[in-house]
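One line per chain: the protein sequences are A, B and C, in this order. Quick note on my numbering: the first sequence kicks off at 28 and runs consecutively. Quick note on my numbering: the second sequence kicks off at -16 and runs consecutively. Quick note on my numbering: the third sequence kicks off at 195 and runs consecutively.
Just so you know, the hints here were simulated from the structure itself, not pulled from any lab data. Note that beta-carbon positions come from the ideal geometry of N, C-alpha and C, so glycine has one too. Any given hint could be a false lead.
[Stated by the list, open to error] Partial list, computed: chain B residues near chain A (C-beta under 8 Å):
hint : residue
1    : V68
2    : L131
3    : L265
[As the list claims (entries may be wrong)] Across the chosen pairs, the derived CB separations fall in these ranges:
hint : chain 1 : residue 1 : chain 2 : residue 2 : range
4    : B       : P71       : A       : T226      : 33 to 39 Å
5    : C       : S206      : A       : V321      : 27 to 33 Å
6    : B       : P71       : C       : R246      : 54 to 60 Å
7    : A       : L197      : B       : R152      : 40 to 46 Å
8    : B       : M145      : A       : R333      : 44 to 50 Å
9    : A       : V326      : C       : G480      : 44 to 50 Å
10   : B       : N45       : C       : A304      : 32 to 38 Å
11   : C       : R246      : A       : M117      : 22 to 28 Å
12   : C       : H412      : B       : N45       : 16 to 22 Å
13   : A       : R333      : B       : F62       : 26 to 32 Å
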Amino acid sequence: MTEMASSSPVATPTVPFARVIGIAVALGLLAAAPVFVGQYGLSVALNLFMSIALAESWLILSGFSGYVSLGHAVFFGLGSYIMAVCFDVMPFWAAIPLGGIAAGVLALVLGFPALNVRGPYFVILTFGLAELVKFVVVTIESAVGNFGRILMNAPDITLLYELMFGLAVLAFALVAVVQRSRLGAALRAIREDESAAETIGINVHTAKVAAFVLSAIIPGMVGAVMAMRSAYFEPMVAFSPMVSFTIVTTAMIGGSDTPMGPLLGAALLVGASELLWSHAPEVYNIILGIVLVVFVLHVPEGIHGRATAWVRRWERRAQ
Amino acid sequence: MNSILTVQLLVAALVLGALYSLIALGLNLIYGTMRLLNVAHGEVVMLGGYIAYGMSTQLGLNTAYALIPSMFVAALLGFATYEVVFRPLLKKEQLLARVEANSLIIFFGVSIALQNIAALAFTASPKSYRYLDQMVTIGGASFAAYRLFALGVAGAACVGCMLFFRFSRTGLAIRALLQQRTASALVGIEADRINRVVFALGFAMAGLAGCLVSLTEPISPFGGFSFTISAFVVIILGGLGNLLGSLLGGLILGAIEVYGVALTSSNWRSIIVYSVFVVMLLWRPQGLFTRRTT
Amino acid sequence: MAAEIYEKLITSDKVDLLFSPFGTPNHFAVVPILERYKFPMVGSSAASVRLRELKPGNIWFPTSAFPDRMAVAIVQLLQAQNYKTAAILTVQLPFALELKKFLIPALDQAGIKVVAAADYPADIKDMTATLTTIKQAAPAAVIGLTFPADSLLYMQEAREIGITAPFQMLSVGPTYSFFQKRFGANANGIVMMGHWSPHQTAWPKAKPFFDAYVAKFHERPEYFDSALAYMSAEITTQAVARVGLDHDKLRQDISTQTFDTINGPVRFDGVENVTTPTMLMQLQDGEAQIVWPKPAASAPFKPKGAWAD
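Using the sequences plus the hints, can you model the full thing?
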């Protein structure tokens, strides 16, 4: 499923100037999107960048080390909760990083014991932890007499879009940095053979926990922003397992070994969802489910892996 | 709660537990032999429920008649799912390396598809019907007969399964597979035949459980998920791949739910269930009944 | 998702009229969109006190089942029957929790003692322990703030355990046709929320709607949300018939006129329907009757008898 071949952990070639300019222009255009696209287009773009931010963050632990987290919704949900609770008592631009920090702390607390668990047990453990936190929040909210929280006068979608775009860029950058760092190398070694990694002196537990914490911060902030988007917080929705599943799917379809992967995965899923729901609303979920199955079976390396393989074959033929 | 030693609570725990055992057995079979995380298991349960509902309302046939057809249809679905989706998965080396995560996404896709097909075909309104509604008294406590029917059928099915695994050749082959997963995944045709049986059997048990569930819960396209989750908790309690463990684990979970609520209060119900889950995974992931293997 | 769909319908598909989505959260999601584009839409299946905080002008809610008023109605009915003790069951979902928030002080003010209360998560599978506690407390009223799945669970287990309170209410669930099919005679006497009944002869359109629905779908309509949806459509079509499709004229018309619906006359003040009183319904002999308030009732309240075997 996740190919090792493509990434080069240590060598950092100098980045050509043209490329930097190109990327800057692209980013500038995307940031200026509210000028070009209508309200509806902006909400699609918001969803796209939300998907990217979440899937990229997920990669940091789960993509590189192979420890698949099925409970990432817990960080998203916690960020939303923080925003819902703090919305009336502090400016939102303070609540967003608070959400991120809270998510990071949660990852530290949960990850410390959880990352000792291996393989499939870890996968379902993350799921169980997410559900546990969800029901704790549900019980707290109902005990204090809340029935959902409303965020009155939340900021405009343009501002939310810019925030989400920023988070997506941040997430991408974070993944790229980790990939090239010693942490990234350690994580990949863990994926290859954890016991071997330990014997050559890598502190696997620290590496995993660090990756888990890093993978939690941005989803916490994303959750905080999305709470403002829906202007409504309800724990059963904010901590929904569907969020976790969607993140995993996005990352795996795009390719979970490189920061480019989630871009492609998010583009495909959000794009397909847009195409399908407006023309075949009743069956779009069914088709989506089938597309997922087909993808995992026949494009296991993700779109990015497949595209890279094609490009290589092209280049070879061109020689 | 004055006393928790009542017949009422005991039967409640047994019925719930038996249902959990049945559902978890099917899930554990598939997981134990092929390491596939069947997130769509709850949807197969709902399918069984729809069949029982349909037969009761359209054909006027009561649930006892629906048991075999549900199992049959579910088994067919299991065959089809294996042939179309999982044989290719198990054959590809690179997919096998991450088979749990991959199977998760695949079954998730299947689950989404099934839920929405059901919503299209049956509408999202919950469905329910009546069967064996008379009251029966045991030891001073009253129960509706269908609860005892569910307990009886679930119990018989679980026992029947265990006997099958103990004494039949296919059953023994499956148990062998449960113990040598990695080797079996790379062996050819023999494993294929058994995998097919496992899928069919696992799905059939879910379908059967669905008939029983339809007696106590409304059937809806999206109601299967909570059963999938409970089944996972049971499997962890009993041990992945440990069939007898699933049986006992189901009863234990039923007891934990019913008595846990009795000792605390109902708003802790889900917190208790998930705490047990998390604690088991952190402390003893191989389950209560399995010795830790290297 | 609802917000985006409605936004697309307005901006991209440029529809003339909109009908409401389902459920309170979706209504909340859609209202900001309606405000932004000044697009009037009549709501349906939404009931929350927070709806009053919404700016009037482009949204109206025909339901009278606002939780605070419902709490008052429940307490008044209990007082009229001289019931002095109550037990409350609440599923941990927003609507039920909102009801509970208003119910407790209302009961307290009326001097009705809450002898047992329990909350539970939505995926609960067994209520034996909780219901046994309630039975032992022997309240005159069991007020279940429930949703369909737990309403079903309550019915099964309350019967087994033998809860004989004369007032038993399940907020959401009894209005569905599956509920009556499932429980037959045992469903009689269950109180539920709602404000529409085909048996209210003061509303000439009620019975024809019921009959037409049964003829077309071969089952009864769900008494609450189906009726609301139909009313919402009636109001919209009547307004259009009067003033055409111009949004400003529609807004003016819906805000001021009285509409003749299957639920009787409906007139809005702000976002709320002020003509339809908050009611309680009860299943009697397989039929849904309005039992409170007395002037609007189609049948008197009957205490729930013993469970049929």
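With a cut-off of 8 Å, does the beta carbon of L131(B) approach a beta carbon of chain A closely enough for the hint to hold? violated, 31 Å
So does R246(C) sit 22 to 28 Å from M117(A), Cβ to Cβ? Distance hint for R246(C), M117(A) holds at roughly 27 Å.
Could one say that the CB atoms of P71(B) and R246(C) fall in the range 54 to 60 Å? holds, 57 Å
Between H412(C) and N45(B), is the Cβ distance one that fits in 16 to 22 Å? holds, 21 Å
For the hint 32 to 38 Å, verify it against the beta carbon of N45(B) and that of A304(C). violated, 46 Å
Do P71(B) and T226(A) keep their Cβ atoms within the hinted range of 33 to 39 Å? holds, 36 Å
Could you check the hint for me, namely that V326(A) and G480(C) are 44 to 50 Å apart, CB to CB? About 56 Å separates the Cβ atoms of V326(A) and G480(C), which means 44 to 50 Å is violated.
Could you check the hint for me, namely that S206(C) and V321(A) are 27 to 33 Å apart, CB to CB? holds, 29 Å
Interface hint check: L265(B), Cβ to nearest Cβ on chain A, cutoff 8 Å. Holds or violated? holds, 5 Å
Can you let me know if the beta-carbon spacing of L197(A) and R152(B) is within 40 to 46 Å? Because 59 Å falls outside the window, the suggested range is violated.
Can the suggested window of 44 to 50 Å be confirmed for the beta-carbon pair M145(B) and R333(A)? holds, 45 Å
R333(A) and F62(B), beta-carbon distance inside 26 to 32 Å? holds, 30 Å
Figure legend: structure checked against the earlier numbered hints; hints not met, in rising order: 2, 7, 9 and 10.
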